[in-house]
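Trainee: One-letter residues, chain by chain:
Protein chains: 2
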Amino acid sequence: MRTLALSHWLAVLAMAVLTATAQAQPKAPLPSWNVGATKQAIIRFVTDTTSGGSPNFVPEEQRIAVFDSDGTLWAEQPAYFQLLFAIDRIRQLAAGHPDWSTQQPYSAVVDQDLKTLLASGDKDLLYLLAATHAGMTVDEFEQTVLQWLADARNARFKRPYTDLVYQPMLELVDYLRDNGFKVFIVSSDGVEFMRPFAEFLYGIPPNQVVGSSFMTQMQLRGGKPTLIILPKVDFVEDGPGLPVAIQRFIGRRPILAFGNADADRQLLEWTAANSGPTLVGLIHHTDSAREWAYDRTSPVGRLDQALNEANARGWIVVDMKKDWSRVFPPQNLAD
Amino acid sequence: MRTLALSHWLAVLAMAVLTATAQAQPKAPLPSWNVGATKQAIIRFVTDTTSGGSPNFVPEEQRIAVFDSDGTLWAEQPAYFQLLFAIDRIRQLAAGHPDWSTQQPYSAVVDQDLKTLLASGDKDLLYLLAATHAGMTVDEFEQTVLQWLADARNARFKRPYTDLVYQPMLELVDYLRDNGFKVFIVSSDGVEFMRPFAEFLYGIPPNQVVGSSFMTQMQLRGGKPTLIILPKVDFVEDGPGLPVAIQRFIGRRPILAFGNADADRQLLEWTAANSGPTLVGLIHHTDSAREWAYDRTSPVGRLDQALNEANARGWIVVDMKKDWSRVFPPQNLAD
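Going down the list, the sequences are from chains Z and H.
Each residue of the first sequence is one higher than the one before, starting from 22 at the first, in the working numbering.
Each residue of the second sequence is one higher than the one before, starting from 22 at the first, in the working numbering.
Just so you know, not all the hints are guaranteed correct.
In this list, chains with the same sequence are indistinguishable; a pair is considered to hold if it fits within one copy or across any two.
Here are the simulated DSSO-like cross-link-like pairs (lysine-lysine), alpha carbons at most 27 Å apart as the crow flies [claimed, not checked]: (1) Lys253 with Lys342; (2) Lys343 with Lys253; (3) Lys253 with Lys144; (4) Lys179 with Lys343; (5) Lys342 with Lys60; (6) Lys342 with Lys48; (7) Lys203 with Lys253; (8) Lys342 with Lys245; (9) Lys203 with Lys60; (10) Lys136 with Lys48; (11) Lys60 with Lys343; (12) Lys245 with Lys203; (13) Lys136 with Lys245; (14) Lys253 with Lys48; (15) Lys253 with Lys179; (16) Lys48 with Lys179; (17) Lys342 with Lys144; (18) Lys343 with Lys144; (19) Lys136 with Lys343; (20) Lys203 with Lys136; (21) Lys136 with Lys253; (22) Lys179 with Lys203.
Just so you know, the hints here were simulated from the structure itself, not pulled from any lab data.
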């Protein structure tokens with residue numbers, strides 16, 4: 022065994038300390054957010070609630086952040102992506118069901134009649150999805166979602182739907198997590214649709230994805246216990262159903278919430294009514310060049326009353342065009 | 022400004038490294054588990070699934086561990102503690118309801134007729150609890166649970182119920198968490214009963230407590246949104262309902278599960294049927310001196326078929342008397 026001088030070991034140790042320090046050094050947060058009041062408000066809130074000694078310090082276990090999915094974390098035009106998935110999926114299955122061509126709502130799906138389907142509501146489609154997939158295992162259904170995500174392309178950008186995630190929101194989710202927040206998606210979408218991509222896209226594990234879900238039943242298949250989809254959905258209703266779902270699945274009031282539409286109002290109100298410090302924000306789609314511009318009269322993601330409320334109550338309103346230096350991740354879509 | 026020699030700084034750095042190393046040094050795991058096959062099997066499984074390069078390595082996000090509550094993490098005699106809470110709570114409220122004294126199941130509760138109540142099932146009592154608390158906010162209900170935990174005493178040990186948690190299981194939960202497992206409670210008990218103590222007792226946050234729950238509705242009270250308990254329960258059924266609940270709330274199959282009764286069988290079978298490496302265990306109550314001894318014919322926590330299955334399939338069977346050097350935390354109860 023060679024003997025080394027103490028000074029050598031000290032130098033090695035010093036290098037280890039310096040490396041560890043360099044690794045722990047945080048990057049400047051939110052690089053795709055333009056300098057301005059919005060970015061400043063977010064950083065101030067996070068700093069204020071996570072710095073020891075701050076009068077607004079919030080213990081780590083209470084740092085619950087909730088995000089709506091469609092229009093908040095990823096795009097939602099020309100229709101909620103779950104609706105587009107349901108249409109594609111039911112059209113695939115229609116080949117084996119010629120009777121569907123004359124039955125509503127199947128015929129609207131088969132004809133890709135988006136207007137009728139948007140009017141009928143996402144909920145009906147989720148029900149239809151369960152009905153048409155009854156008897157399938159939950160693992161098999163997950164495969165259909167993953168296959169669709171791999172194959173389907175957005176009509177305008179000609180890119181997979183998972184490419185239409187918002188880079189600034191990815192950075193916000195990361196920034197919150199780096200500061201001890203636990204981040205949840207809360208949406209009326211089906212969890213069976215959201216969970217297969219939430220982990221690879223956002224790093225949000227399945228148990229932190231809250232939404233509607235298929236009823237299932239345990240059955241033995243080939244001697245192995247399996248969960249079979251029943252033709253029923255346990256719905257999380259938009260609006261007043263969101264706080265109910267938060268209580269049921271999360272069990273604690275959030276201190277931070279982001280949404281983008283009137284349907285998210287109660288998510289934001291529920292968070293704002295928490296007794297301690299809170300941050301509540303709306304994503305306002307203002308950028309028709311890089312994404313889409315819509316609000317008060319849009320059939321998808323209508324933002325009217327919630328915008329009035331945000332202005333009246335001083336909630337953050339993220340102006341996509343002004344506040345975001347890029348919309349989609351650079352590897353997906355150059356702005 | 023004073024100038025210090027490099028060697029001085031290196032010594033300071035070296036001290037910092039040594040301190041950090043000392044803090045990171047893991048304690049020997051599971052100190053209250055006696056040396057033997059059971060302890061060895063647990064440590065072998067955790068080492069095997071978490072060591073880089075191991076053929077059985079499981080990525081951190083898939084390290085899901087689920088534990089039944091009653092009889093697995095804490096005691097359950099002379100009856101499930103939630104049942105004892107419900108009885109005490111309904112008796113408190115009975116003063117304002119003289120009509121209850123002649124109505125079943127209220128009169129059985131008022132008379133503390135445990136035999137009738139155990140036969141009627143925990144489920145009916147949970148329903149009764151919701152019915153008698155309808156109109157209360159979820160925060161108010163949480164306070165009644167916390168107050169009961171502070172006031173009530175176990176008949177045999179004359180200690181608060183939270184003192185009757187199993188020290189070896191606390192160590193197991195910690196050990197798993199230290200090794201990147203995410204630990205959940207999965208029980209048919211009400212989450213509103215379990216969540217108020219799960220975090221301080223086990224370090225398990227509310228969103229990792231899976232069970233039945235009261236239906237709630239958002240209402241404005243004094244202009245503030247509040248969740249009001251409705252006289253309805255969304256039940257998680259024991260048995261086949263447990264895998265359904267795991268899918269709905271966790272969204273991923275566990276790789277480790279512990280239970281103690283026939284009612285937990287499907288929880289264990291569901292875990293054992295996972296495709297990768299799994300560890301499945303039963304707590305066998307064999308120690309009448311330090312805790313209670315019961316199994317095949319017990320009205321509470323009956324363990325018969327699951328014990329046969331464990332023996333046939335080589336699941337771990339924890340013999341409380343033999344495998345645990347102590348049962349309760351030393352500060353709570355000297356064994």
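Trainee: Checking each numbered hint in turn, tell me which of them this model violates, lowest number first.
Mentor: 1, 2, 7, 8, 10, 13, 14, 15, 16, 17, 18, 19, 20, 22
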